[in-house]
Each structure stands twice: as structure tokens, then as C-alpha cells.
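J.: Read off the chains here:
Protein chains: 2
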Amino acid sequence: MKREIIIAKNSGFCFGVKRAVDTASNKNIQEKMYTLGPIIHNNDVVSKLEESNVFSIELSKIDSLNESDTIIIRSHGVSKAVMDLLNSKNLNIVDATCPYVTNIHKKVHDYHNQGYSILIVGDKNHPEVVGINGWCSNEAIITKDGSDLETAEIPKKLCVVSQTTEKQENWQKVLSILIKTSKELVALNTICSATEVRQKNAMVLSKKVDLMIVIGGKHSSNTTKLFEICKENCNNTLLIENETELSIDFLKNTDIRIIGITAGASTPDWIINQVVDKIKLAEKAE
Amino acid sequence: MKREIIIAKNSGFCFGVKRAVDTASNKNIQEKMYTLGPIIHNNDVVSKLEESNVFSIELSKIDSLNESDTIIIRSHGVSKAVMDLLNSKNLNIVDATCPYVTNIHKKVHDYHNQGYSILIVGDKNHPEVVGINGWCSNEAIITKDGSDLETAEIPKKLCVVSQTTEKQENWQKVLSILIKTSKELVALNTICSATEVRQKNAMVLSKKVDLMIVIGGKHSSNTTKLFEICKENCNNTLLIENETELSIDFLKNTDIRIIGITAGASTPDWIINQVVDKIKLAEKAE
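Chains as they are written, first to last, in this note's numbering: chain A, 318 to 603; chain B, 318 to 603.
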């Protein structure tokens, strides 16, 4: 039986991550390069890059690099201090910071210089948030959902930004607290629409398929969210990290005629394609 | 029976109004002057100014003035177009716009020039709001409490200001709607603390008195607000324009031992004093 396979629009890498991974991939395989921390939260991608001579290095080991070694800044971006440090070491810096994140750095830096306090809605340990905080002398107030703000002294002149992958719900929770006291509030909603658009397309697709496959890391929050959304609309939804985890037993079920696929923000196209290929191959063998 | 009379702190004229009225009052009595519209919403003050040769003139009658006639801009301020018109007529302009309102004009003009849409939280017919709107080409969205915004298309890049006499509650209502959709929100809470402080002191006082007297124009929005606040805490609250409207029948009620007084932003001290004097005189006559 021939089944229809539909891949949801905007599955997998967002623009910023694709740009960073392409930067690390599209090079002479002999040339050694480094990324400052793993380029994305996906072991398959990191292993594949290692095979082509791209290695992740932590900031604490930066002294082991030689002058003119190439270091790639991943899409999360880094603080001004880190950028200054890399420059001072005369490294060859390839800045693959997502342009949307660079825009946050710029705004935070400008408003901080204008005397605004900075507040970041996000996870204080996330590299993107750590990087943003580094553009306002690490003086930002950081909150996930504002629950820790109720008793805090909130500056009267405040610029608020968000981690690009933050939930709209948390943004609104924080803002609803700030509007009670702020005299001068500049609220820049820097949540990236890529996540929202990916979720929306997955939702639409999951409503019209007989089986939905979500590909992504089991610890990735955006993948888990995609799985939850699809599960709500299609009871028959699977979460897998790659094609090796896909059991093809479902092919025995003749009720499954349309198969939908979506993938989390850290899943490269080649992993999506491997899943599609496995299904097609199994069908041929039927 | 001797009653205690307590005047709430910060009753009456705010800084901006006092400044405008003083500007119109402190002059040679022979010299004729004009104010563009009544200088404040208080007939007693307007009559008193007329006695000293200061007359209110509407914009539509501006052609009846001669070159070099003096015209006072009241604390509410005016639009850029009106200011340009007065200048083009070579009038002697005395600008008594409240400096806090001038600051709103400046911010609105700047942000509008930077491509922001402007939203004003206030009463669209209030001269202050009409004036502010005139600093962004009369293109502002104007809302009282946001109830008309739920279905409106809200611009993504928005600068929000408030009428200086607006309620904090309405400000929060409007902002809680805007934070749902705005991408870039500059929220300048331009509610003047004079109003808040006056309201707070009136509220505190109204909780501990047996009778509360609010003095001010019945069409004045800030006086009406004061009246509402006091009425919530003291069922026995009166709104009067001046001492002539005060019936002293309440003196027969021996339950009234403490009398509180507050006054709207357009009530001069001499009117407050006349009310106090009337009560004291009546008590003496008992």
C-alpha cells in the first residue's frame, strides 16, 4: 500500500540555527575549526561536524587555541566580554550569532547606555540569556515567568526583552506585573516567530494525518512541546530522535494512509530525510 | 458642638495649574490679556480673572485679536498646529503649558517621528488629549480603558502615553491588552503623581471622617474622580463648586464630628478657605 508522507512546513532548524550549522559545514574538510560550545543540542549533528574537523571547545579551554585559529560563534551569541576576549587572542572569529539575537544585544546595549535597567524574560542559565546579559554589564534582572518579581524592587525606567525561544504566556505574565509600577517601560517582545510558526504548522498537519512523527531530542523543550501539540490532535503520535528509533510495525496497519512529520529546532534536514527514506524502503519491501 | 475640620494634603491646584493661574494673575490690572479657552474648569476663578482684565477666547474667534495682543496658553497645552497658528498671527504668546504636559508633547513628537504609532490613554475630548494628539499629526489611537481595543488592529510598534489626570487602573487595563500583541511597546506612564497623591490623601482622609466635602467643578474629570473615591469610603460625601452650594443642614446631625475636605485640581485655595469659614461661622451661630 502506498502511503502519503507530508512534512510540516518549518520543521527542524530555524533560520538562525541553519545559518550557524551551514557556516560550520560548508568548508574545506581538511581545515580545522572550533565552535564555542556545541553548535546545537543534537549529538548527531555534533558528531557529524567532528568527522569534518569541527570541534566544540569550552571558553575555559580557549587558551589552548593558537593565533589565527578559526572559532565559530554559534547562533545563541555571546557576551561583549567574550567577544572582546576572542578578539584580544587574535583568533579568526566567524560570528554565526542569529541576527535576531544580535538585534537583542544591540537594543540591550543601547538602552543600558541610555540609563535603562534591563530585564530578560528567560532561563538565566541558557547561553542565549547569558550572552544577552553580557551586553548590559551582567546587570540584567532575569525572570522566567515573573513569579519571583512580586516582591522585588522594580526599576522605574526599564527595558524588557525575551529569550527568542520563550513562551508568549511567560512574556505576558511578566509584563502584567511590570505595568503596575513602571513609569517608563520599553517592552521589546523578542520571542522569535519561528517556534510559533513551526508549532502552528505541526498542529494543522497533525489534524489531518493518521500517524504523526515528531523528530527531536527527548530533552529538548521545543520538541516536547511539538509532541504535546500533535498528540492533542492525533492520538497516534510518535516522538523519536532519529530513524533508528522508528519501529516500522505501524506499516501493518492499513488504516494509516497519511503520515505527517515534523521536527524540533535542533533537527537537521538529513535526519528528517532518513526517517522518510526508512518508511519508503519498508513500504517497498512489503 | 465643635467639629474637627481636616483639609486633605495636596488639595486643590497642582503645580501646573498654579503656575498657569499665577501667570494670568500676576500682572498689571490695566493690561488686557487673553487665555485660549478658560484657564481652568472653575467659573469663580474665570470670573475673578475677568475682573482683572483677563478674558477667555476660543480658537475660532482668534482672528478678532490684534497683532501683539497677549495670549496665554493654559496648562493643558495645545497642538503643534495651534501653536504655529498663534505664531503666524504675531501674537504675544505666553506659554503656561504644564512642563509635564510639554514633556508628553516632546516624547509623542519624537516617537512619532521614529515611526511609532501613538496611543493615548485618556478622554478623547479633553483639551490635554486633543493637544497631545496634535503632536503626532492627530493620528493617535485614543482609548479610555481599552474596552474598545479588543477588536482593533493594534500597531506592532507602539508608544503609549496617558492623560496626566488618568486613573492608574485604566492605564493598567489598556496595557494588559497591548502586551498581548505588541512587538515593540514603549509605555510612558505620564499620569501625574499630583493627581495620585491628591487622590491617595483624599482616600485616606475619607476613611476616617463622618462627612467628606469635595470642592470642584462638576464637569471637571479629576474632581469627579475625587468624589467617586471619597464616596466609596464615606457614604456621606458632598460635591460642591464653592461655599454657596454648601447647605449647612448637616450641622444638625450630631453624628458628624469630623469633617474632611479635599478639592479638585482647579480649585484655588481661597475657595477652600471660604468653605471652611462658612462651616466655622455656622457653628458659632449654633
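Derived from the structure by calculation, the hints contain no laboratory data.
Be careful, since some hints might not be right.
Pairs involving identical chains hold if they fit within one copy or between any two copies, as the list cannot separate such chains.
Computed list of lysine to any residue pairs in SDA-like fashion (alpha-carbon distance at most 25 angstroms, straight line) [said to hold, decoys possible]: (1) Lys500 x Ser396; (2) Lys484 x Asp440; (3) Lys335 x Ala469; (4) Lys500 x Ser434; (5) Lys344 x Lys525; (6) Lys500 x Pro472; (7) Lys500 x Lys542; (8) Lys344 x Ile322; (9) Lys461 x Gln489; (10) Lys423 x Glu560; (11) Lys597 x Ile459; (12) Lys365 x Gly432; (13) Lys497 x Met520; (14) Lys397 x Asp440; (15) Lys595 x Ile471; (16) Lys474 x Ala511; (17) Lys424 x Asn455; (18) Lys542 x Asp427.
J.: Run every hint past the structure and note whether it holds.
T.: Tested hints:
no.	hint	verdict
1	Lys500 x Ser396	between (28 angstroms within a copy, 24 angstroms between copies)
2	Lys484 x Asp440	within (11 angstroms within a copy, 35 angstroms between copies)
3	Lys335 x Ala469	neither (39 angstroms within a copy, 36 angstroms between copies)
4	Lys500 x Ser434	both (12 angstroms within a copy, 19 angstroms between copies)
5	Lys344 x Lys525	neither (41 angstroms within a copy, 79 angstroms between copies)
6	Lys500 x Pro472	both (9 angstroms within a copy, 21 angstroms between copies)
7	Lys500 x Lys542	between (33 angstroms within a copy, 22 angstroms between copies)
8	Lys344 x Ile322	neither (33 angstroms within a copy, 86 angstroms between copies)
9	Lys461 x Gln489	both (11 angstroms within a copy, 21 angstroms between copies)
10	Lys423 x Glu560	neither (40 angstroms within a copy, 60 angstroms between copies)
11	Lys597 x Ile459	neither (45 angstroms within a copy, 58 angstroms between copies)
12	Lys365 x Gly432	neither (45 angstroms within a copy, 46 angstroms between copies)
13	Lys497 x Met520	between (33 angstroms within a copy, 19 angstroms between copies)
14	Lys397 x Asp440	within (19 angstroms within a copy, 46 angstroms between copies)
15	Lys595 x Ile471	neither (53 angstroms within a copy, 47 angstroms between copies)
16	Lys474 x Ala511	between (30 angstroms within a copy, 19 angstroms between copies)
17	Lys424 x Asn455	within (15 angstroms within a copy, 29 angstroms between copies)
18	Lys542 x Asp427	neither (31 angstroms within a copy, 40 angstroms between copies)
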